[in-house]
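Enquirer: Let the hints inform the model, and build the full structure from the sequences given.
Residue numbers (my numbering), protein chains in the order written: chain A, 328 to 770; chain B, 328 to 770.
Please keep in mind that the hints were generated in silico from the structure rather than gathered at the bench. By construction, the Cβ of each residue, glycine as well, lies at the ideal position given by its N, Cα and C atoms. Any given hint might turn out to be false.
[As the list claims (entries may be wrong)] Derived Cβ-Cβ restraints for the label pairs, each shown as a range: (1) B:PRO490 - A:GLY624: 17 to 25 Å; (2) A:ALA461 - B:GLY421: 41 to 49 Å; (3) B:ASP396 - A:ALA406: 41 to 49 Å; (4) A:ASP376 - B:ASP686: 33 to 41 Å; (5) B:ASP686 - A:SER378: 54 to 62 Å; (6) A:GLY624 - B:LEU526: 54 to 62 Å.
[Unchecked claim] Derived list of chain A stretches under chain B, where covered just means 3 residues or more per stretch with a C-beta under 8 Å from a C-beta of chain B: (7) 479-487; (8) 642-649.
[What the hints assert, rightly or not] Residues from chain B shown here face chain A by an in silico Cβ test under 7 Å; the list is partial: (9) GLY488; (10) CYS565; (11) THR569; (12) MET640; (13) GLY657.
There are 2 protein chains.
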Amino acid sequence: MTAIRPLQRYREAVVQIRVGLLGCGVVGAALVRLLSEQREVIAARTGIDLSIARIAVRSPERGRGLDVDQSVFTADADAAVAGEDIDVVVEVMGGIDPARALLGRALELGKPVVTANKELLATHGAELFAAADAAGVDLLFEAAVGGAVPLIRPLRESLVGEPVERVVGIVNGTTNYVLTQMAETGASYEQALGEAQSLGYAEADPTADVEGHDAGAKAAIIATIAYGAWVPAAAVACEGITGVTAHDMEMAARFGYVVKPVAVVERSGGAGGDLELAVRVHPAMLPARHPLASVRGSFNAVLVEGGAAGEIMLYGRGAGGRPTASAVLGDLVDAAVNRSTGSAGRIGKLGRARIRPIDELESAFYISLDVVDRPGVLAAVADVFGRHRVSIRALEQHGLGADARIVFITHRARERDVGATLAELGRLEVVNELGSVIRVMGE
Amino acid sequence: MTAIRPLQRYREAVVQIRVGLLGCGVVGAALVRLLSEQREVIAARTGIDLSIARIAVRSPERGRGLDVDQSVFTADADAAVAGEDIDVVVEVMGGIDPARALLGRALELGKPVVTANKELLATHGAELFAAADAAGVDLLFEAAVGGAVPLIRPLRESLVGEPVERVVGIVNGTTNYVLTQMAETGASYEQALGEAQSLGYAEADPTADVEGHDAGAKAAIIATIAYGAWVPAAAVACEGITGVTAHDMEMAARFGYVVKPVAVVERSGGAGGDLELAVRVHPAMLPARHPLASVRGSFNAVLVEGGAAGEIMLYGRGAGGRPTASAVLGDLVDAAVNRSTGSAGRIGKLGRARIRPIDELESAFYISLDVVDRPGVLAAVADVFGRHRVSIRALEQHGLGADARIVFITHRARERDVGATLAELGRLEVVNELGSVIRVMGE
Chain A
328 MTAIRPLQRY
338 REAVVQIRVG
348 LLGCGVVGAA
358 LVRLLSEQRE
368 VIAARTGIDL
378 SIARIAVRSP
388 ERGRGLDVDQ
398 SVFTADADAA
408 VAGEDIDVVV
418 EVMGGIDPAR
428 ALLGRALELG
438 KPVVTANKEL
448 LATHGAELFA
458 AADAAGVDLL
468 FEAAVGGAVP
478 LIRPLRESLV
488 GEPVERVVGI
498 VNGTTNYVLT
508 QMAETGASYE
518 QALGEAQSLG
528 YAEADPTADV
538 EGHDAGAKAA
548 IIATIAYGAW
558 VPAAAVACEG
568 ITGVTAHDME
578 MAARFGYVVK
588 PVAVVERSGG
598 AGGDLELAVR
608 VHPAMLPARH
618 PLASVRGSFN
628 AVLVEGGAAG
638 EIMLYGRGAG
648 GRPTASAVLG
658 DLVDAAVNRS
668 TGSAGRIGKL
678 GRARIRPIDE
688 LESAFYISLD
698 VVDRPGVLAA
708 VADVFGRHRV
718 SIRALEQHGL
728 GADARIVFIT
738 HRARERDVGA
748 TLAELGRLEV
758 VNELGSVIRV
768 MGE
Chain B
328 MTAIRPLQRY
338 REAVVQIRVG
348 LLGCGVVGAA
358 LVRLLSEQRE
368 VIAARTGIDL
378 SIARIAVRSP
388 ERGRGLDVDQ
398 SVFTADADAA
408 VAGEDIDVVV
418 EVMGGIDPAR
428 ALLGRALELG
438 KPVVTANKEL
448 LATHGAELFA
458 AADAAGVDLL
468 FEAAVGGAVP
478 LIRPLRESLV
488 GEPVERVVGI
498 VNGTTNYVLT
508 QMAETGASYE
518 QALGEAQSLG
528 YAEADPTADV
538 EGHDAGAKAA
548 IIATIAYGAW
558 VPAAAVACEG
568 ITGVTAHDME
578 MAARFGYVVK
588 PVAVVERSGG
598 AGGDLELAVR
608 VHPAMLPARH
618 PLASVRGSFN
628 AVLVEGGAAG
638 EIMLYGRGAG
648 GRPTASAVLG
658 DLVDAAVNRS
668 TGSAGRIGKL
678 GRARIRPIDE
688 LESAFYISLD
698 VVDRPGVLAA
708 VADVFGRHRV
718 SIRALEQHGL
728 GADARIVFIT
738 HRARERDVGA
748 TLAELGRLEV
758 VNELGSVIRV
768 MGE
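Expert: See below:
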């Protein structure tokens, strides 16, 4: 054994930092356990001794099997924020109310806040960021996007000087699990969703995930941090994965693509002038060699495309008690160290951005169409594409008895033109049914 | 267009921070250009106006085509550190001397330091960390490992509370490029290296890369930051990629593996007791589905395996002027913000670690052997493995005229036992030649 001499022993007094915890569900309980395991290591490395002083829950008398005194539990959430024995507030209760008022109060009192609440940040972030800035204290939220994946801190700090061109992320584990299962087992959407529900990857009511609202809130937070401009969830165009079929998956594979649920944030304006962003969530076909194509199951990943840094990808577990607790704990230590030195991380000043309407964006498209199988049909269909300036890059036609299915991959085209093409195709007598329309990215 | 209202306009005074830059090669020049492009955006977002006050170079009179006044260039490196007009020092000159003394002096003067110098940190880091800690100023070095990949900051901050079990990284772009070319084109090591040299991915003297010393220095820095214990480059066991053959690549693919140049840092001691680490660099066979297996060409990636967070992977460009400059600029903004508020990031207190000698480690192995092709040879060879407690998981035998080549994949075994096996095999009359020995990971 080679003994490595210590650089120096820790001799300074340890600073006590007491935490008020709001909520004690899966993430809260995992945080209490993780902190209990890591408390000594953290104290040795940072000089901060973190302890849980209060835990605000609805039923404080219920036993939770955690290594904290039962007296720490309280039904009085305000005491876990405003109590004199609280130095830092950690919120893992979720939802807008009462979290919004409680965190506002904590910041007003000059107490740093750590939260995992994407919904709150994506709707009332501007008010919370302003309160944190006015008070000069931390508002940290690494766990709100991508679970354990370090994303917010790299965007806020490492890439603050980077000309970020685009951020593309798989930020919802439920939909990534469902689409991965469909791609790998040939399952239908309903089968894959049912399996995700039975494994606990999807909720009984999966709407927020499968319709893209969860990913939309995360896209709003990513846009706000990556570009330093307030973008609320309401500004994000969301399309769910509910229309993706087993046939689409099969065709995607044939064309060399993988279907993934993506959130896209990109600078869309020309150089110079005001910042203009496009922010959207939808399923997308990615080339099999795309860095996000191999992100399988419930894993999350975010690809940052920078003008100087090039492609950066951050990958990991986007959900689950312990992974999320790990991200919360990293923020908590940061906030505690800053609290002990009287400093604070800064969100920076949020500027203004215009949001480009989705029908002005350009993309390549996969379009599936059921048609009558007779001579001249393809010519009639191709004519509609051509008149709307949507150029076809590839197509495959398959007979279905008396009918046929045609699958098109277009070149890049305006969303508006593709919409007009689809509307007109829907009115053609030879078209039995408009099938899936999925954006194709990364080429 | 939807106009999003600004959260608040920036009204406070901008703080001027003046930079002393040591070195102006590829990275230095890229930094000057990137800062010039991003200066206004950074000022708007952080309230810091960064300017380059001095650039210390050997030939200050030489024109460099940069957007700075020629009078900024100086041959007096000490002035670019100690000058009253210098608030922050950025070092991109490389090498141990005079960088070591210059950065020591900067820290002594209470000036934050940003450096990309892995060699200096991996040999004299302890002294520099202590100086930064004593002065209470930043010593930041994101660019020293993984170029543009955010790695040091996530390890230092996001994962400070995480029980890190292992960090496995592809941290040398040259060797990853060479092995990727060999795998994908069937080229020999010499051919692939020649191509890397002609493309500028490898230096004329490639020793530091191909023998693993560059990756070893980075592994030492990763170990120090991930575990908060000083690990010098000299404690890292390094094995190069020079012995990897086209045949090994072919066999790897047949067994479902990819050969990658990895740096491995892991906690090797049992729970409780002193921290014991194993730190090493070598080529390794990874299963094709391993997250690092798809990291191709000159890209870098680091996989962190945490007890709470699970697997986290950070991926991007590990070298090049602009990617490295992007990482330096992120650190520079951080240091400048901290300087303006009188705070500093902290390395934490470095503790002690024992380094486990490599012959005590366990791994699965790929072993290639040229033998005489006659009955009974396999039995004789297998007997040697068995007597040293090295169990065989798979083998393939191929005739080569009168001789044969046998390739083995072992179960996990002690390095020491594998070494003894190889020594005895080398003495067997039926063994013509010991071929490659490559560790197999990730299963």
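Enquirer: Each hint needs a verdict: does it hold in this structure or not?
Expert: Structure-based check of all given hints:
1. The hint said 17 to 25 Å for the Cβ distance between B:PRO490 and A:GLY624, and at roughly 23 Å that hint holds.
2. The hint said 41 to 49 Å for the Cβ distance between A:ALA461 and B:GLY421, and at roughly 44 Å that hint holds.
3. Between B:ASP396 and A:ALA406 the beta carbon distance is about 59 Å. The supplied range of 41 to 49 Å is therefore violated.
4. Judged by the Cβ atoms, the range 33 to 41 Å given for A:ASP376 and B:ASP686 holds: they are separated by roughly 40 Å.
5. Distance hint check: the CB atoms of B:ASP686 and A:SER378 are about 43 Å apart, inconsistent with the given range 54 to 62 Å.
6. A C-beta distance of roughly 36 Å is found between A:GLY624 and B:LEU526, which places it outside the suggested range of 54 to 62 Å.
7. Only residues whose beta carbon comes within less than 8 Å of a beta carbon in chain B count, and the region 479-487 of chain A has 6; three or more means the coverage holds.
8. Restraint check on the region 642-649 of chain A versus chain B: 5 residues with Cβ-Cβ distances below 8 Å, three needed, restraint holds.
9. This hint holds: B:GLY488 has a C-beta 4 Å from the nearest C-beta of chain A, less than the 7 Å allowed.
10. Checking B:CYS565 against chain A by beta carbon gives a least distance of about 15 Å; that is not within 7 Å, so the hint is violated.
11. The beta carbon of B:THR569 comes no nearer than 26 Å to any beta carbon in chain A, farther than 7 Å, and the hint placing it at the interface is violated.
12. Interface hint at B:MET640: satisfied, since its Cβ lies 4 Å from the closest Cβ of chain A, which is below the 7 Å cut-off.
13. Proximity of B:GLY657 to chain A holds as hinted, the smallest CB-CB distance being about 4 Å (cut-off 7 Å).
Of the numbered hints listed earlier, those contradicted by the structure are 3, 5, 6, 10, 11.
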